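Visitor: Heads up, the sequence shown is in the working numbering, so the first residue is 1 and it goes up one at a time.
Everything labelled a hint here was simulated from the structure, so no lab data went into it.
All of these numbers come straight from a predicted model, not from anything done at the bench.
C-beta atoms are modelled at their ideal positions from N, C-alpha and C, and glycine is treated no differently.
Check the hints yourself; a few may be wrong.
To be verified - Computed Cβ-Cβ distance ranges for the label pairs, DEER-style: (1) LEU108 to LEU20: 35 to 41 Å; (2) GLY235 to LYS435: 36 to 42 Å; (3) ARG233 to LYS390: 17 to 23 Å; (4) ILE469 to LEU20: 45 to 51 Å; (5) LEU182 to LEU108: 52 to 58 Å; (6) ILE101 to ALA186: 50 to 56 Å; (7) ILE465 to ARG233: 19 to 25 Å; (8) PRO190 to LEU112: 53 to 59 Å.
To be verified - Straight line, CA to CA, 30 Å or less: simulated DSS-like cross-link-like pairs of lysine-lysine: (9) LYS189 to LYS309; (10) LYS6 to LYS435; (11) LYS304 to LYS189; (12) LYS189 to LYS6; (13) LYS189 to LYS9.
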Amino acid sequence: MSENQKITKAASIIGMGTLLSRILGFLRDMVIANFFGAGMAADAFFVAFRIPNLWRRLVGEGSLTISFIPVYTEYLTQRSEEETRELTHIAFTVAGVLLLILTLLGILFSPLLIRVIAPGWFTRYPETFSLTVVLNQIIFPYLFFMGLFALCMGILNSVRHFFAPAFAPIFLNISIILSVLLFYSAFQKPVMTLALGVLAGGIIQFLFQLPFLLKKGMGFRFNFNLRHPAIKRIGSLMIPGLIGTAVYQLNVFVDTIFASFLPRGSVSYLFYADRLMEFPLGIFAIAIGMASLPSLSGLASQGKTEEFKETLSFTLRLVSFISIPAMVGLIALKTPIINLLFQRGIFDYFATEMTAQALLCYSVGLWAIAGARTLAPAFYSLQDTWTPLKIALICLAANVVLNAAFILFTPLMHAGLALATSLSSVLNLILLFRKLGPKLGDMGRRRTIQSLLRILLCSIPMGFISYLICSLGNWTTK
Numbered sequence: 001m002s003e004n005q006k007i008t009k010a011a012s013i014i015g016m017g018t019l020l021s022r023i024l025g026f027l028r029d030m031v032i033a034n035f036f037g038a039g040m041a042a043d044a045f046f047v048a049f050r051i052p053n054l055w056r057r058l059v060g061e062g063s064l065t066i067s068f069i070p071v072y073t074e075y076l077t078q079r080s081e082e083e084t085r086e087l088t089h090i091a092f093t094v095a096g097v098l099l100l101i102l103t104l105l106g107i108l109f110s111p112l113l114i115r116v117i118a119p120g121w122f123t124r125y126p127e128t129f130s131l132t133v134v135l136n137q138i139i140f141p142y143l144f145f146m147g148l149f150a151l152c153m154g155i156l157n158s159v160r161h162f163f164a165p166a167f168a169p170i171f172l173n174i175s176i177i178l179s180v181l182l183f184y185s186a187f188q189k190p191v192m193t194l195a196l197g198v199l200a201g202g203i204i205q206f207l208f209q210l211p212f213l214l215k216k217g218m219g220f221r222f223n224f225n226l227r228h229p230a231i232k233r234i235g236s237l238m239i240p241g242l243i244g245t246a247v248y249q250l251n252v253f254v255d256t257i258f259a260s261f262l263p264r265g266s267v268s269y270l271f272y273a274d275r276l277m278e279f280p281l282g283i284f285a286i287a288i289g290m291a292s293l294p295s296l297s298g299l300a301s302q303g304k305t306e307e308f309k310e311t312l313s314f315t316l317r318l319v320s321f322i323s324i325p326a327m328v329g330l331i332a333l334k335t336p337i338i339n340l341l342f343q344r345g346i347f348d349y350f351a352t353e354m355t356a357q358a359l360l361c362y363s364v365g366l367w368a369i370a371g372a373r374t375l376a377p378a379f380y381s382l383q384d385t386w387t388p389l390k391i392a393l394i395c396l397a398a399n400v401v402l403n404a405a406f407i408l409f410t411p412l413m414h415a416g417l418a419l420a421t422s423l424s425s426v427l428n429l430i431l432l433f434r435k436l437g438p439k440l441g442d443m444g445r446r447r448t449i450q451s452l453l454r455i456l457l458c459s460i461p462m463g464f465i466s467y468l469i470c471s472l473g474n475w476t477t478k
């Protein structure tokens, strides 16, 4: 089986798991929209959930995985079984201790963290601020279990097992849904059911990995050794990789900070729009990026540069084939989609229109976000995490400047924050592509650009016809 076939097969498994998770995620968001709408309780939960959710995306889909897999793959292919097993024990021990310390500090300093995330609430909405702090403290242990889950995923993906990590996230959504439906009336503040559902879901996700690890012969023994050379290498790759993989998520995080100074509901509008963006990103872009990392790491360690470039070009064209039509479709059908999924209960038509504005501006950058998630694994497989870090810092600064400019000088409000994120994502993709050239030589830039343009030209009529059909029919309710 060729590397392209291996990537396609792995991406299919990851994509299927992500699709099921996203469907349940939308059902979860429909439940939240119905019971909590876009009011104070919803805003408080979305901000409280922002830190652990960001951690899941940075670690579970980012830095720990991309720093661990290249090193672990090297041990699997070039070291003895005993050395690989020892690395597994040390990695679990070190990760567990550090995650426990981080979790305790997060609970202790939750008030400070919320002041950083939503500074506008501390003086303007003190009741919302206090509720957010409590929710954040309940949710924070989720970080511990998601960190261990990410390590399990890195090990399983390295040995080409993708099923368990791909399907585990469904338990988070099921847990939240059941928590709200079963215990909504049991709490004086029903929003507590959301926080407890998140915590329970994180625990189940981690536990679901253990039988598959044991089946692969991966046991556990306490071995705290920070001086192990592999741990040092993983740490040196992970620290810059933490930011380098997180441009889009950090931009959304910055959007939340700015949104806390805008009218109530702004945080929720951005959250719901981001959820719709995550659907095609998770199923295709992230799935392909995760599936390609073991293959690219193996080719890089063996010095097969031409095969490396061909595999990377294939993954970039594959993800563009999906992300560009998805971008056009979301732009054309933004209002009917939001109306169908979220407009019920106290989530009214005004909330639908506000969320649609944010989704329009987020969607403009979908293709760039997907492309960056495909190019980034190329740097990590070459064990270069510093270049994506430098680019990420440039793009983050650009996002902050654009956020301030759109708020101060345009009437876009929360939609301006989403547009700033899209523009900074385009900048991120351009810089990644330019920096990869000197490392690999000619990557077939002209062929790639021509492929992107052909996909776009085919997608535009599809979007126009879809918009026309929705305009002629009564597809939305007020």
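Visitor: Now look at each hint and say whether the structure bears it out.
Guide: To see whether the hints hold, each was checked on the structure:
no.	hint	result
1	LEU108 to LEU20: 35 to 41 Å	holds (36 Å)
2	GLY235 to LYS435: 36 to 42 Å	violated (23 Å)
3	ARG233 to LYS390: 17 to 23 Å	holds (20 Å)
4	ILE469 to LEU20: 45 to 51 Å	violated (28 Å)
5	LEU182 to LEU108: 52 to 58 Å	violated (31 Å)
6	ILE101 to ALA186: 50 to 56 Å	violated (33 Å)
7	ILE465 to ARG233: 19 to 25 Å	violated (52 Å)
8	PRO190 to LEU112: 53 to 59 Å	violated (27 Å)
9	LYS189 to LYS309	violated (54 Å)
10	LYS6 to LYS435	holds (27 Å)
11	LYS304 to LYS189	violated (58 Å)
12	LYS189 to LYS6	violated (49 Å)
13	LYS189 to LYS9	violated (45 Å)
The structure does not agree with the numbered hints 2, 4, 5, 6, 7, 8, 9, 11, 12, 13 stated previously, though it agrees with the rest.
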